[in-house]
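Following the hints, complete the assembly by docking chain D onto the known chain E.
Those protein sequences? They're chains E and D, same order as listed.
Heads up: the first sequence runs through residues 1 to 917, numbered per this note's numbering.
Heads up: the second sequence runs through residues 918 to 1032, numbered per this note's numbering.
There is no bait here: all hints are sound.
Computed beta-carbon distance windows for the label pairs:
| hint | chain 1 | residue 1 | chain 2 | residue 2 | range |
| --- | --- | --- | --- | --- | --- |
| 1 | E | Gln59 | D | Gly941 | 26 to 36 angstroms |
| 2 | D | Arg1003 | E | Pro525 | 54 to 64 angstroms |
| 3 | E | Ala100 | D | Gly941 | 50 to 60 angstroms |
| 4 | D | Thr956 | E | Asp20 | 25 to 35 angstroms |
| 5 | E | Leu89 | D | Asp988 | 45 to 55 angstroms |
| 6 | D | Gly941 | E | Asp20 | 16 to 26 angstroms |
| 7 | D | Thr956 | E | Gln59 | 19 to 29 angstroms |
| 8 | E | Arg422 | D | Glu963 | 44 to 54 angstroms |
| 9 | D | Asp988 | E | Gln59 | 25 to 35 angstroms |
| 10 | E | Ala415 | D | Tyr986 | 30 to 40 angstroms |
Hint data in this document are derived by calculation from the structure and do not stem from the laboratory.
Here a beta-carbon is modelled for each residue, glycine too, at the ideal position from N, C-alpha and C.
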Amino acid sequence: MRRVFRIPFARGHIAREVDDELSFHLEMRAQRLIAAGWTPDAARREALRQFGDVDGVRQDCLVMDEQRERAMHRANVIGELQQDIAYALRTLRRNFGFTAVIVSALALGIGANTAIFSLIDAVLVRSLPVSHPEQLVAIGDPTRVGSMSSGSPRTDLLSYPLFRDLRDQNHVFSGVLASGRTDRLDVRIEGTSGEFEHPRGRFVSGNYFSLLGVPAFAGRTFDASADAVLGASPIATISYGYWTRRFHNDPSAIGRTILVNGTKITIVGVTPPSFSGEIVGSSTDMWLPITMYDVLRPNQKVLDDRLTSWILVLGRLQPGVTLTQAKQRVSELLKRDIVANANPQIAKAFLDRGAKYYVSSGSKGFSRVRNTFQAPLLTLMIGVGLLLCIICANVANLLLARAIARGREMAVRLALGASRSRLVRQLLTESAILALLSAAVGLLVAWWGSRALLALASDGAPMSINLGTDVSVLAFTLGVSVLAVALFGVVPALRASRVDLAAAMRAQSPSVAGSASGMRGERLPLAKLLIAGQVALSVVLLIGAAMLVRSLRNVQAVDVGMDRDHLVLVDLDIGSRGYHGERLANAVHSLRDRVATVPGVSAVTFSENGIFSGTESSTTLEIPGFTARTPDDTTVAYDQVGPDYATAIGAKLIAGRDLRSSDEPMLPRVVLANQSFAKFYFPGQNAVGKYLHFNDSVAVQIVGIVADTRDHDLEGQPARRLYFPYVHADDPKNLGEPGSLRLEVRTVGDPSAVVQRIRRAVVSVDPSLPIDGVDPLPTLMRQSIREERLVARLASAFGAFALLLAAIGLYGVMTYAITRRTGEIGLRVALGAQRGDVVRMVLFDALRLVGFGLVIGLPVALMSTRLLRTQLHGVDSADPVSIVVAVGVLVSSAVVAVLLPALRAARVSPIVALRAE
Amino acid sequence: MLDRDGGLLRGTLDVLILKSLSWGPRHGYAVAEWIKVITDGDVLVEEGPLYTALHRLERNGWLSAEWGYSDNNRRAKYYQLSRTGRTQLRAEVTSWERYARAIGKALAAASPLPA
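Same shape as in the complex, but just chain E (with noise of 0.2 angstroms):
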């Protein structure tokens, strides 16, 4: 005989009933006594002596009773609960399509969390994949992956010379790595022929794989004795996705000798699959060792050059000492080794200038897209968040509507004595289980989503991320699916439980007398306050895309001070052919006067680094009579450029003349000067004429003043830059060769139409040049704002969306409340009214709830906007255009949503809705 019924858990009735028991027996016994003769008194004593221990008996019940009661709830929690999954899973596949909606909706909304949530979980969050990451110092700017420096003593990079004093006189770290960029390389692997290839390679220093812990995967890393003696390592360790894509992971790869630059050099090693590097978005696939770079770039001598700045270091704590401990030392080391090393002009300008010093936590390695991509991230992070509250409101909606047709069903369970508790539990394991599957599915969606996503995002520029579904990403994904529940399982169940009996069992139909569904009070206000949210989040949305696409309008349409549209820019590697002096300079003239002879082409010229091809130069200098504040205040942007470049390309001259071909071989050199280096430096005066020094000695004259262009970005103040002339006479104090050289052709048409003919051209003078791209202008601007125009893309998608489900959830809503005042409709009609005045109603009432919504949604929306003033270019974060728009496409799509329900209404013909009465 089971009990049946649950007994409260309390140790008092327990206690009770044990205490009952044994004093039933006492007393039985007692009774015998007595009835043999014994005295009351004695027969008690008696039946006590031949129990024995009460306490200790009474004790050892307790105890077990309660580990019955315990066993027991737990027995009836568990199969109740196996009760309410079964039941379910049988509701829910009886609904397969409510399901399965409900389930796309929530899927699509989960999954895009995850996805945005494994982007900045990788980009910004993720430590990189080495041993104790924790106890890594990064020493240098993190974002300045891939610049070098020249000119002047730097703190934001290193030199060679300054990194070894840093590794061979600290006391902080167990061990310091040098990284730095080795710029495209040329790669041929040895018994093939045909194109060179460019891997993504980066120099180190010896230690690099030691000091991170990364073991070798196959063959060899290389050690500490790489550094020894300058040029004599000509070894490389690739990593484990190169090895498979290059080598299809034949471990014959090691070993083998490859070409690069020309210099044959033998591949060591692999390194295991997890390690890409220590820069976060961009994989490295071969590591040189650094005292190869004089070797491998011999245009450029740097590693005896204290004024050439391009190492990032990383270095590992010694134990027992704090990051701060380690700035103070660094910085201080630093500045006295710059300042000791330096001749005492320069010295003395460093000094002056005053230097930040970069020491921070090296646990997430380097990257230049955290810093590009973590205001966008954390958009679309609000974004996604945003779409999935509208999801649930939206589900919650539906699943509000089916409770009301489970009306009856509620009452029968609660009749047959079910409580509401267990109701409530009943329909909350119903919306876990659909979170649940949502959430497989959505983890899917995320996979799918992420990549594409990234894809997006590195349009023109491969990014690669390691995005693998970790830990951190699935428990994301759970936590997202526990808070949808809560917020679209809860209110449902709670209001579905609270049934009224009598007038739920009684119902049949709804009716104009009112006493329909046993929740006929609550539904309709409940399901409209749901409404009015989606309506307001909605708004918000809308307002933030909005405002970022017209962002993005403004950015493209900046004025960039040239002929945007009639530009192509010629990308040549024309480092890899080894010309010098002379033979550079013949080379490069003779491509702009061959392209030059292509018919629709107006002009050409050329110059090292060219326009919005995301390759800069930069250089300190010193002008007599100017006092630098700060350390920026000295360093201009520089490009080293053709005969008439700015008239070529379309430029304004402001004062003096452009620089001619008659330059090229002075000695002094001229320069030409932007407006925002002419307002800098010589305020109020006329700057053509005067002398500017860099490099410590070497004198140059500006000759010219070209209005600003926007030759790398469309956003932020244009940079103070000057012109060199691209050939000059050879001189050791000088710039130096330039490394590559890009054509900038202007055209008279679209320039699209001679990109063909560019390139003919071209390998017309030279079949052996690589040529590594021809893109008109606006295609590369277009890939300078990838990120700007994938946030403003993705926040459009998420407001149309949302707008779908706020416009489907009114028509939804209307439509039911239609339906359920047909009586009432027909009646008006029959007392008078006329078909306008139907629809007018209901229009009007959904453009009440529209309204409230919008009362709600604004204010949010102005307050959250505010969050993206840094994104946004000449738009006001309360921009009232931006505001309109989205106020006007939100009203518009709720009329459009419930014009076939106002018009179903109106057709109600009063003999039918009150004939159904």
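For chain D alone, coordinates are given in the frame of chain E:
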């Protein structure tokens, strides 16, 4: 081998309780009386341990219990064999019989070594 359940081989009291309930529900006092009568008072020296055993068997799921009224119309806790309890009783009886046979054979042995 001796424990608080009354100075018996573990299991002896259990099997007696199960047996006493094999004819139908009884309260604890009735079980105690039955055991006393049937064993001439040799097994149950003190009555307390009987209750510890009853509660343990109930926890194990071999007994179920409900409150009812005794012959003299007093509230008493009645125990009853559950299905598992009945199975348990059968198993215990078999093992006791085998045990008793073995011990009996041993004690009746006539020679020091088996032939």
